[in-house]
Amino acid sequence: MDTMLGFMRDIQIAMQAIRCATGAARVNVSILGNREPHLHAHLIPRFPDNEQFPDCSPWNDLRPKGKLGRDEVEAVKAKILECILRVETRKSVIEARKKTSSPEPAALMNRDLVISNDLMSS
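Under full-length UniProt numbering, the letters of the sequence shown match residues 1 to 122, in that order.
Certain hints may be false.
Stated by the list, open to error - 27 Å max Cα-Cα, derived DSSO-like pairs, lysine-lysine:
1) Lys-79 to Lys-91
2) Lys-79 to Lys-65
3) Lys-67 to Lys-79
4) Lys-67 to Lys-77
5) Lys-65 to Lys-77
6) Lys-77 to Lys-98
Unchecked claim - Computed beta-carbon distance windows for the label pairs:
7) Glu-51 to Lys-77: 30 to 36 Å
8) Leu-32 to Asp-71: 26 to 32 Å
9) Asn-60 to Leu-5: 16 to 22 Å
10) Gly-66 to Ile-11: 22 to 28 Å
11) Arg-26 to Gly-66: 18 to 24 Å
12) Met-4 to Arg-70: 21 to 27 Å
No lab work stands behind these hints: they were computed from the structure.
Even glycine gets a Cβ: it sits at the ideal position worked out from N, Cα and C.
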C-alpha cells in the first residue's frame, strides 16, 4: 500500500511540474498495464484552447503528431525538473510550518525523468 501511495504522490508532483513547465491547463493520467509489466503512468499535458475536441481522450486527437527534436526534449526535461524542485521545496516549507519542532529538510526526488523516445525525432 505504501508503494502505491508513494507512486500516486509522485504522479501528483509530476503533474504539477508538467503544468508549471508547459503552461498546460490540465494533465491527463493514464495507467493501463496492457503491454509493459512494470508500474508506470502516462502523463499527457492538455491545452484545451488549442484542441479541436478538448474534452475527448488525447488518443482521439486527429491532428498530425510531430516529434520533438533532441534539444527541445532536453529543454522541456530541464524545465520539468526545475519545476519538480520548486514543488518539492514549497511542500517542504508548508510541512515545516505545520510542525512545532525544526524538521529535517525533505529529500528531493532522486528519480530519472523518462521522456518516451516516441516524442523524439531520430
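Evaluated hints:
no., hint, result
1, Lys-79 to Lys-91, "holds (18 Å)"
2, Lys-79 to Lys-65, "holds (22 Å)"
3, Lys-67 to Lys-79, "holds (18 Å)"
4, Lys-67 to Lys-77, "holds (15 Å)"
5, Lys-65 to Lys-77, "holds (19 Å)"
6, Lys-77 to Lys-98, "violated (32 Å)"
7, Glu-51 to Lys-77: 30 to 36 Å, "violated (23 Å)"
8, Leu-32 to Asp-71: 26 to 32 Å, "holds (30 Å)"
9, Asn-60 to Leu-5: 16 to 22 Å, "violated (31 Å)"
10, Gly-66 to Ile-11: 22 to 28 Å, "holds (26 Å)"
11, Arg-26 to Gly-66: 18 to 24 Å, "holds (21 Å)"
12, Met-4 to Arg-70: 21 to 27 Å, "violated (34 Å)"
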